[in-house]
Amino acid sequence: MTVTSFTAADLAGRYALELRGDGQVRVEGVGTLARASAGQLAFLANSRYRSQLADSAASVVVLRAEDADDAQGTTLVAKDPYAAFAKIAALFEHQPARPPGIHASAVIDPSARIAPSAHIGPFVSIGADTVIGDGAIIGPHCVIGDHCVVGAGCELVARVTLVVRVRLGQRVLIHAGAVLGADGFGLAMDAGHWIKVPQLGGVVVGNDCEIGANTTIDRGALDDTVLEDDVRLDNQIQIGHNVHIGAHTAMAGCSAAAGSARIGRYCLIGGAAGVLGHLEICDRVVVTAMSLVTSSIREPGEYSSGTPLTDNRTWRKNAARFKQLDALARRVLAADKE
Amino acid sequence: MTVTSFTAADLAGRYALELRGDGQVRVEGVGTLARASAGQLAFLANSRYRSQLADSAASVVVLRAEDADDAQGTTLVAKDPYAAFAKIAALFEHQPARPPGIHASAVIDPSARIAPSAHIGPFVSIGADTVIGDGAIIGPHCVIGDHCVVGAGCELVARVTLVVRVRLGQRVLIHAGAVLGADGFGLAMDAGHWIKVPQLGGVVVGNDCEIGANTTIDRGALDDTVLEDDVRLDNQIQIGHNVHIGAHTAMAGCSAAAGSARIGRYCLIGGAAGVLGHLEICDRVVVTAMSLVTSSIREPGEYSSGTPLTDNRTWRKNAARFKQLDALARRVLAADKE
Amino acid sequence: MTVTSFTAADLAGRYALELRGDGQVRVEGVGTLARASAGQLAFLANSRYRSQLADSAASVVVLRAEDADDAQGTTLVAKDPYAAFAKIAALFEHQPARPPGIHASAVIDPSARIAPSAHIGPFVSIGADTVIGDGAIIGPHCVIGDHCVVGAGCELVARVTLVVRVRLGQRVLIHAGAVLGADGFGLAMDAGHWIKVPQLGGVVVGNDCEIGANTTIDRGALDDTVLEDDVRLDNQIQIGHNVHIGAHTAMAGCSAAAGSARIGRYCLIGGAAGVLGHLEICDRVVVTAMSLVTSSIREPGEYSSGTPLTDNRTWRKNAARFKQLDALARRVLAADKE
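Sequence order for the protein chains is H, P and F.
Using the working numbering, read the first sequence as starting at 15 and increasing by one per residue.
Using the working numbering, read the second sequence as starting at 15 and increasing by one per residue.
Using the working numbering, read the third sequence as starting at 15 and increasing by one per residue.
No lab work stands behind these hints: they were computed from the structure.
Hints are not guaranteed to be accurate.
A pair holds if it fits inside one copy or across any two, identical chains being indistinguishable in the list.
[Said to hold, decoys possible] Straight line, CA to CA, 25 Å or less: simulated DSS-like cross-link-like pairs of lysine-lysine:
1. K101 with K210
2. K337 with K210
3. K337 with K351
Here the structure is a predicted model, which is why all the values come from computation and not from measurement.
With the rest of the complex left out, here is chain H (with noise of 0.2 Å):
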């Protein structure tokens, strides 16, 4: 195992960093401030947490130009320490080696057409009509049906679900357990029984978007279920079908976007939060945890709904109270009046 190593000043360089100190300095990894070690680098993007300068073992740290004075040793200064040191960290991110070919155990339909850059791996198997563009991973176990299409540079890291009529752009990145283009829940109720409303629509994803571990997007009843390009979703979101999500958009764990829905570009939602079928939420809306949006949000700004938490037994009084909200509304109003 080779160590990737470089300089502090390999490191400015290629990031457009203003150094200061030791530009000899060599960086062999990255950590927190508080955990690193010597050789490694770290960053402060918090200036809360500027007190940790002192004391951190790191050989170099990333930091905004107003905390570098607090520094001990050789410095990087940018505008946007995270993002910089996102950058040096995937310098020392380790990549399984994926050759390209198709792995003999891969089942994959004769009319599928795979790039021979692509790496097929074991369990693989691929349906008709299919194709699978330059230099794609698709990891052990997936399953990609009739009619998908995978970009150049996508990643299905593993056990990934397309399951008819998914179209990914370029370097999708899709996490383990995901399934794309399930049916949507539709159903109409006929005499008594349900039946099923056929969902022939399919599921379009853009350029750089990632998909998280057990995330769920059903395709479209009629036309496409869409997420424009960047847009991010950790795990297990569940997107109904005709969801539209605007580009650079991001949604945390557990969160959920009910049919037809259309989320604007550059929101972020919070973890288990839900947004209600057949609405709007413009561009630049954070919606916090565990929130439920019922109706459309038409101006860029932070929603909330919930109650905060407290210990049980007050928790319990309250609430009660809240049967009676309406009630003591009047009462209040009325004395108001009197």
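Model the placement of chains P and F on the given structure of chain H, informed by the hints.
What follows is chains P and F alone, placed relative to chain H:
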């Protein structure tokens, strides 16, 4: 690829709809009222969207009698246009070929009985004493354990796991990633450590049920976990051990029912709603999204919990007051007495 | 199939229980008090159900001393009947044969080290430098990546994914569909696009942990995500990167902990409850179902948030008033001053 095509008159006859206009118009597909092109059939179920009729390029529209006058071209009048549309759309659904037979890669216990008309896909594994019925489709990567029954006409789309003692009725449809029959969450604290309570029951699923992607249904501790006929579960639903769900009940994505809950027939459980364990919900109850059912419900109707979404600043102020709600109520009541 | 059978006297001796009645009664299985048949053993842990004793057909009942007088037949008196029952029930659990050895279909990197006593099922893939310990069971379709350790006596039921750098202690039980070691959700905004923060840490799971179906545990960004010994996670739980969960803590289905949250020992996190990132919960905290922990908890006890369920019409009125709560409180306080 041959084009499926029907005349409007064909469709009227097939589904007992009233034809208005030119019965010889051909339908080669379906679409939304807004986006359908010539040759496609669309539907209007909600009179609110009646204004779309004027601009629709659809060759045929399924709608209610009271909306029919606004339509230009050929219409099919239905009492329930959505249900009628669902049936018509099914004619145009792409059904991949799933020929009878067992894929060479499948690993099947010698004691399992597989109907000759069943389709067993690549990388399927089937355990001891398991029975697969007539015409069942077991998609790629399904894992079926010991002592399971898959009834006639069932479809396990892909990557479905039936752990042990799971018995499916007929025509059950299970989407990718679902896990039925995992251990219920049974623990007993013993001298400061958890010990596991064995989960000796199974899962029984009635006819015509549908189970969404990545949904989990645990097997019972002693008796079985039960879904009656025609239960419809969306994606990422969690059903605890010994839950009993009545016929024709539908649960939306990310909802959950904890151990031994009993949900009635014809209930609708909203997205991300929760039902605590060991309680009963009677027939025809609607629970709105993200509500939590904490005690038994004995009257049909619609039930809710939660607070409305507002901008975060307003929410913070109101939420802080929630903590004082009991004190506030006491003041109001005291003032009233005076 | 041989029948497992024990006398009541056997069981009393084995688990240090007090035998009352006929010790020669044979037990061939277990059941609930309500449904057990002759030859079965049942338990009564909650005195509320004591009236069921009279009608139970169970041949032996495990119960507390104070309930024993109401029982008709043979009883086994235990301080904790549920824990005693758990141990007895384990005698009757069906354990499918999982003989040592590697299934012919498995794909195993030459650098992996597999204990000869381990069972590796069909369609398993195991990556580079991974170690599988003595007696471990790797069920069908598990995907184990590079640099993982599966300790002695672990069981991965089926279709479990360990992505990379996941280290399991001994006797860890992981249910179908769980994903450990996926990328944490680390993003930095850079010139209007997200860039990915590499996730260089791993996941460390202590001894005797259990992880539910379709649960996801992300690997750490720099340090590891940690579960101490005897942590019990139900299904569909999401654990973010760098979360630390103390020993003997149990989390119910659909709950979640966001990045860098630190949960203490002997905590109980209710179903669908959430814990925000970068906060701490001390030992012995109970969080009730669907509550959201938004700041650190420093005192043991039970905590809750949310509002009670009511019929929708009542809820609508009260929820509307929640939006006016601060204004309402101000009026009350102002009136008080007057």
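Status of the hints after comparison with the structure:
Taking CA atoms no more than 25 Å apart as the test, K101 paired with K210 passes between copies only; the shortest distance there is 8 Å, against 48 Å inside one copy. Taking the closest pair of Cα atoms, K337 and K210 never come within 25 Å of each other, the shortest separation being 38 Å inside a single copy and 39 Å across copies. In the homo-oligomer, the alpha carbons of K337 and K351 lie at most 25 Å apart both inside one protomer (24 Å) and across protomers (21 Å), since each shortest distance falls under that limit.
Violated hint: 2 only; the structure is consistent with all others.
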